[in-house]
Every structure is written in structure tokens, then in C-alpha cells.
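S.K.: Residues per chain are reported as follows:
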Amino acid sequence: EVQILETGGGLVKPGGSLRLSCATSGFNFNDYFMNWVRQAPGKGLEWVAQIRNKNYNYATYYAESLEGRVTISRDDSKSSVYLQVSSLRAEDTAIYYCTRSRSYILDYWGQGVMVTVSS
Amino acid sequence: DIKMTQSPSSLSASLGERVTISCRASENINNYLSWYQKKEDGSVKLLIYHTSRLQPGAPSRFSGSGSGKDYSLTISGLESEDIATYYCQQGYTPYTFGAGTKLELK
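Note that the protein sequences, when read in sequence, are chains A and B.
Under my numbering, think of the first position of the first sequence as 157, with each following residue one higher.
Under my numbering, think of the first position of the second sequence as 158, with each following residue one higher.
Same shape as in the complex, but just chain A (with noise of 0.2 angstroms):
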């Protein structure tokens, strides 16, 4: 059974750094293409960054709105992928969901982690 846990959410002040992790499990974890996606207070489902595996050279992509404030990583040895977001702001306030995906189909996700951002 395919199983990801998300980790590292909670309350974070504006300017100020959080790491997100994201553990899995139940699948070759090699094969696949990690993604985060977050879900802001009252709104839809934003793509924030994918990790492909190593047959891509571990390419990363981002969302424009985020990029150079945030960084995905992952490691095979521990199924794991991570998201860093820097110089947070209100509005990154949202839960963040660790998706798996084969190429842009995310086909599994977790139960997502909340993220509050606030003084």
C-alpha cells in the first residue's frame, strides 16, 4: 500500500524558514517523480515544485510565485522528499500536500501538513 506522511508544518513568523518532509513508503520510490502542492485558506490547489528521479538527473521545476524562496529535494536512500520555503509570508500560510506522480499525473497524495504563517 502506498503510504506518504507529511512532516514539519506549524506556526512559522513572517521572515523566517521551515523545512517540510515527506516520507513514503509501499512503492519503488526511485521510479517516481516527486511533487508539493499547497491549499491556502479558502482557496484552490496551487503546484509548488517537482523533483524527478534520477533517470532525469533529479531535475527540479517550480512554480513562478515561489521560485528562489523555495528548494525540493529528496533522498532515495530514504524515500523521502523535503520542501525548504524561505522568507515566509502570510500568504504561503496553507496546508501542503506530498504528492507522487508519474510525469504531471500526481496519483497519489498525503494527508497534507499545515503551515501557518503569522507574527
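There could be a bad hint or two in this list.
Just a sample of chain A residues kept apart from chain B, beta carbon distances all over 10 angstroms, derived [to be verified]:
#, residue
1, L161
2, T163
3, G165
4, G171
5, G200
6, G224
7, T227
8, S235
9, Q240
10, V273
11, S275
With a straight-line cut-off of 25 angstroms between C-alpha atoms, the simulated DMTMM-like cross-links for lysine to aspartate or glutamate are [stated by the list, open to error]:
#, chain 1, residue 1, chain 2, residue 2
12, B, K160, A, E202
13, B, K226, B, D198
14, B, K160, A, D263
Hints were generated in silico from the structure; no laboratory data involved.
We treat Cβ as the ideally placed atom computed from N, Cα and C, and that holds for glycine.
Position chain B relative to chain A; hints supplied.
M.R.: The following block gives chain B in isolation, referenced to the frame of chain A:
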């Protein structure tokens, strides 16, 4: 970025009713279109990918169609478990989603 315009934003329907949700891309996305279901408990599931391919485990009452810029998701007979918000997503980076359609029971 490719903009996805989804309609309607909300929809009220009766059990057993046929429901259709539409999505229009700002440019041709060559069938690289997925549909997702998000429930109130926060869970998100892939329903349809590549316009019309049913994700294993998704009920067969869900179907997708379209080409070029215009796509749709149809539920052939609404069931209570289908009450959720539905999102389309195009497949060129940066990936973008429609604004969502909140489906409620009439």
C-alpha cells in the same frame, strides 16, 4: 503559465443525476489533463488522467473527455460519496489547476 478556467464554481445536484464540470485551458494542452477529487476531510484522489483514462480504483461512473483547450468531467449518476470539490490540472510545467468546482447535494 497556462491558465485553467473551470466552471461552474459550484454545483447543486440530486442523487442519480448526471453532472458535468468543464475546464478550459488558455492554450492547447494536447490532452495532458487530469481531474482530482478533494473531500472535506482533506483527502485528494486522482480520478482521470490524460483526459479520459480512469485511474485504477476510481468508480466507473466518472469519465473524462475533451481535446485542444476544452475538457470535461462527467459523473454519470451522482452518489452521496461524490460530494467533494473537483479540480482539473494541466500537464505542462509549471502545472496549474482550475479554481475548483464544489459539488453539493440538492
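S.K.: Run every hint past the structure and note whether it holds.
M.R.: Results of checking the hints against the structure:
no., hint, verdict
1, L161, "13 angstroms, holds"
2, T163, "15 angstroms, holds"
3, G165, "13 angstroms, holds"
4, G171, "25 angstroms, holds"
5, G200, "5 angstroms, violated"
6, G224, "14 angstroms, holds"
7, T227, "16 angstroms, holds"
8, S235, "20 angstroms, holds"
9, Q240, "18 angstroms, holds"
10, V273, "19 angstroms, holds"
11, S275, "26 angstroms, holds"
12, B/K160 <-> A/E202, "12 angstroms, holds"
13, B/K226 <-> B/D198, "31 angstroms, violated"
14, B/K160 <-> A/D263, "22 angstroms, holds"
Violation of the numbered hints given earlier is confined to hints 5, 13; the remaining hints are satisfied by the structure.
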